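For chain A, the structure is supplied; the task is to place chain B on it using the hints.
Protein chains: 2
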Amino acid sequence: MSTPIEFYFDFSSPYGYFMSEKIDAVGEQHGRDVQWRPFLLGAVFKETGGQPLTAVPMKAEYADKDLARTGRFLGLPFQIPSAFPVSSAKAARAFYWLEGQNAVLARNFAKKVFKAYFVEDQDISQVEVLQACAEPLGVNGDELAEAIVTDDVKAVLKNVCAEAIERKVFGSPFVIIDGEPFWGVDRLPQIEVWLAKGGF
Amino acid sequence: MSTPIEFYFDFSSPYGYFMSEKIDAVGEQHGRDVQWRPFLLGAVFKETGGQPLTAVPMKAEYADKDLARTGRFLGLPFQIPSAFPVSSAKAARAFYWLEGQNAVLARNFAKKVFKAYFVEDQDISQVEVLQACAEPLGVNGDELAEAIVTDDVKAVLKNVCAEAIERKVFGSPFVIIDGEPFWGVDRLPQIEVWLAKGGF
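Chains as they are written, first to last, in my numbering: chain A, 1 to 200; chain B, 1 to 200.
Among these hints, one or two may not hold up.
All copies of an identical chain are treated as equivalent in the list; a pair is satisfied when it fits inside any one copy or across any two copies.
[Claimed, not checked] The calculated lysine to aspartate or glutamate pairs, modelled on DMTMM-like cross-linking and capped at a C-alpha distance of 25 Å, are:
#, residue 1, residue 2
1, Lys112, Glu6
2, Lys115, Glu180
3, Lys65, Asp178
4, Lys197, Glu128
Calculated directly from the structure, the hints in this document are not laboratory data.
All figures in this text were calculated on a predicted structure; none of them were measured in a lab.
The shape of chain A in the complex, shown without the other chains (with noise of 0.2 Å):
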């Protein structure tokens, strides 16, 4: 087993729901383990002065249109969610809390909180829908809201969006191979590629 790969999304990002539903499958395909970095889009934001698609001109109504289509080019089920975007801070601290337990628990509960949020049109910056995410899951929901309100929760998170900006990770979808950088859902197919000879 190589190098994992690493996979750089915000909960909030529609692109990065789409690559959540992709990228496990493709790391299988090539012997690469898939490590998940929930980070606040927002707090690169400040960095960058990046905005999110829904606050330029032209280009919110155009991916209105890309996202339904690229859902439907992929085969995945997506509605854009009536609350959009939302804080994404609370997801994100409720899976570093459960990947300090287990991390196939963080994952599955993760794609739980994207399906919740992109496909049932829940909010997820509510801890109510986070619990009922993670409670069938066998999570007690009440140590959940406890826990991603504490220090040491908390900064985890930090520190992932501190090295999210220190490595440059400015966009959701972002995926790391090997130091190469791959920024959005569309670049699956240079990944492929990339994957299949290591590197191109």
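Chain B in isolation, oriented as in the chain A frame:
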């Protein structure tokens, strides 16, 4: 022959160059003519607040890597020009002046301009470079130099830019097929499916 594919691009856009090397073959495969529409991205950026890639922190460095990689991925010769970006107004005006005479001639000129800039590292903001692109096609270089400073030719380009803004063409390359907008050379796989199925 159905409605033409509309292909908007800026001559100083590297992703526009990549698309210019692919879109005609894709159109031909699906029985569609392609209408080439050079415009000035700078005119649109005034409306959207958009910025050239090189002006955005973190993104600029990524773009260098992504452009080189995308060139290799698509099998196209490419280098980032020494002077980048440059004004493409004269190149675009020369295109429309030639198009007024012969659409095929204009397209052949456009291909030479793209190659001069992104393969041979020539500064396409210089009239001499444009003349050197046009002369092997049987165009009189002196006439070209005179034409591109006339009010008539300037007005054609101004109108195309206004039309691009009106139609929300906010980036390069930007392809419109039967009213459906596709931004970026990375949308080629979606374009191909769209053309094959008549939408999806």
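How the hints compare with the structure:
1. Lys112 - Glu6: This pair counts as within: shortest intra-copy Cα distance 20 Å, inter-copy 40 Å.
2. Lys115 - Glu180: neither (28 Å within a copy, 27 Å between copies)
3. Lys65 - Asp178: between (33 Å within a copy, 14 Å between copies)
4. Lys197 - Glu128: For Lys197 and Glu128, neither the intra-copy (45 Å) nor the inter-copy (43 Å) Cα distance is at most 25 Å.
Hint check: violations occur at hints 2 and 4; the rest are consistent with the structure.
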